[in-house]
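Student: Residue numbers (UniProt numbering): 1 to 355.
Just so you know, these hints were derived from the structure itself, not from any lab. Here a beta-carbon is modelled for each residue, glycine too, at the ideal position from N, C-alpha and C. Incorrect hints may appear among the rest.
What the hints assert, rightly or not - Okay, the calculated beta carbon distance ranges per label pair:
1. Tyr288 to Leu83: 32 to 40 angstroms
2. Thr313 to Met161: 17 to 25 angstroms
3. Asp118 to Asp287: 45 to 53 angstroms
4. Asn191 to Asn298: 36 to 44 angstroms
5. Phe90 to Val28: 13 to 21 angstroms
6. His116 to Trp91: 39 to 47 angstroms
7. Asp118 to Ile31: 47 to 55 angstroms
8. Asn252 to Trp32: 16 to 24 angstroms
9. His19 to Phe84: 15 to 23 angstroms
10. Thr265 to Ile56: 23 to 31 angstroms
11. Trp91 to Asp118: 17 to 25 angstroms
12. Thr265 to His19: 30 to 38 angstroms
13. His330 to Trp32: 27 to 35 angstroms
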Amino acid sequence: MHNTGTREFLLALGMVLVHTVFGLFVIVSSIWLCLALWFQEPLGSFGTRILIGLWIAFALSILGIYLTQFVLNRQTDVLIYVLFFLVGLFWYFSLEARQDREWNPEVAQVLSYRQHGDQVTLNNVRNFNWHADGSYDERWETRQFDLNQITGVNIITSYWMGPRIAHTLVSFDFANSPPLTFSIEIRKQKNEEFSTYGGFFRKYELSLIAADEKDLIYTRSNIRGEQVYFFPINMSKSERRALFEEYLHKANELRQQPRWYNSLTSNCTTLVFDMVQTISKRPFPADYRLLASGYLPNYLYDLNAISHDLSITQWYNIAYINPRVSQFKHLSSSQYSTLIRHGIPQPITDELTEF
1 MHNTGTREFL LALGMVLVHT VFGLFVIVSS IWLCLALWFQ EPLGSFGTRI
51 LIGLWIAFAL SILGIYLTQF VLNRQTDVLI YVLFFLVGLF WYFSLEARQD
101 REWNPEVAQV LSYRQHGDQV TLNNVRNFNW HADGSYDERW ETRQFDLNQI
151 TGVNIITSYW MGPRIAHTLV SFDFANSPPL TFSIEIRKQK NEEFSTYGGF
201 FRKYELSLIA ADEKDLIYTR SNIRGEQVYF FPINMSKSER RALFEEYLHK
251 ANELRQQPRW YNSLTSNCTT LVFDMVQTIS KRPFPADYRL LASGYLPNYL
301 YDLNAISHDL SITQWYNIAY INPRVSQFKH LSSSQYSTLI RHGIPQPITD
351 ELTEF
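My request is simple: use the sequences and hints to build the entire structure.
Tutor: Take a look at the structure:
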């Protein structure tokens with residue numbers, strides 16, 4: 001008698017758990033699908049709102065019928081909901097990234113290159129002249145680089161929403177030419193605004209920008225008022241070259257096959273990490289600071305990629321470039337690059353140093 005009661009209790013408890021799991025699945029999957037619909041173009045249109053409203057009504061009806069066992073049996077309720085949700089998943093994952101949208105001028109051009117041995121010619125290098133009101137003079141250039149002349153690699157982190165999240169840029173120093181900065185960004189359409197949440201739902205394509213250092217960094221430190229930090233990275237000569245070539249390969253990939261940006265898995269920090277991991281001779285540990293990108297310098301410091309001649313606190317104090325440049329409104333590219341490096345210790349360049 002006791003065993004029978006225990007079995008009935010466990011069976012009832014199991015059914016409660018099953019019902020709870022299905023209820024949570026309906027709620028979470030419906031929220032995800034509604035957000036996916038909302039962030040597709042045209043954003044918040046009448047048709048989109050109708051679709052979201054219909055889905056909410058459908059999901060609530062299925063959930064109500066399931067919980068009350070009214071009209072249909074529960075297995076049928078589950079099957080109906082899963083089938084309709086699979087249709088939603090099919091729609092979402094069939095969305096293809098494109099090259100032919102009406103792009104914002106900042107990301108209108110696609111980086112390309114030609115390489116002959118050590119010599120690289122980059123087409124569509126951005127060199128905009130930015131004004132205090134955020135407007136700019138548009139200018140795209142062709143530049144030549146000698147890969148044997150790379151003398152340094154720098155990580156730049158730019159903070160605009162607190163200490164946890166930062167935009168990550170990578171700048172290369174050359175012995176015989178001005179620095180070149182790479183930035184992985186969203187490719188916004190004309191009059192489109194950035195949304196962190198939209199970045200989770202295939203709203204933006206990826207863009208790889210190669211630009212004059214003053215263009216990409218000055219925009220953040222002097223125009224947008226972001227907090228910008230400049231960290232030289234310890235890398236061997238061979239690794240510096242390999243990383244530059246990884247950027248070239250990434251540019252070629254995006255030119256041939258556009259990709260979606262994702263705020264969590266495919267962004268300005270995770271893609272840089274993937275490239276560095278590709279060229280490294282040792283695996284890097286997974287770390288929450290790759291997602292909380294504002295703490296990336298701390299992660300690099302722990303890996304000895306940032307010199308331990310200073311503490312990380314001292315590094316943040318020295319690497320902070322805003323006080324050195326914010327008072328200037330008219331600077332040449334060379335002046336700006338000199339200022340942001342002022343007082344920063346030179347990185348280790350010994351060939352034996354492996355990042």
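Student: None of the hints should be skipped; say for each whether it holds.
Tutor: Each hint tested on the structure:
1. Tyr288 to Leu83: 32 to 40 angstroms: 37 angstroms, holds
2. Thr313 to Met161: 17 to 25 angstroms: Since Thr313 and Met161 have Cβ atoms about 22 angstroms apart, the given range 17 to 25 angstroms holds.
3. Asp118 to Asp287: 45 to 53 angstroms: Taking Cβ atoms as reference, Asp118 and Asp287 lie about 34 angstroms apart, which means the hint is violated.
4. Asn191 to Asn298: 36 to 44 angstroms: 37 angstroms, holds
5. Phe90 to Val28: 13 to 21 angstroms: Check passed, 19 angstroms falls within 13 to 21 angstroms.
6. His116 to Trp91: 39 to 47 angstroms: 45 angstroms, holds
7. Asp118 to Ile31: 47 to 55 angstroms: 52 angstroms, holds
8. Asn252 to Trp32: 16 to 24 angstroms: Roughly 33 angstroms apart at Cβ, these two residues miss the hinted range, so it is violated.
9. His19 to Phe84: 15 to 23 angstroms: Taking Cβ atoms as reference, His19 and Phe84 lie about 19 angstroms apart, which means the hint holds.
10. Thr265 to Ile56: 23 to 31 angstroms: This hint holds: roughly 28 angstroms between Cβ atoms.
11. Trp91 to Asp118: 17 to 25 angstroms: About 48 angstroms separates the Cβ atoms of Trp91 and Asp118, which means 17 to 25 angstroms is violated.
12. Thr265 to His19: 30 to 38 angstroms: 32 angstroms, holds
13. His330 to Trp32: 27 to 35 angstroms: With a Cβ separation near 48 angstroms, His330 and Trp32 fall outside 27 to 35 angstroms, so the hint is violated.
Comparing the model with each earlier hint shows violations of hints 3, 8, 11, 13; every other hint is respected.
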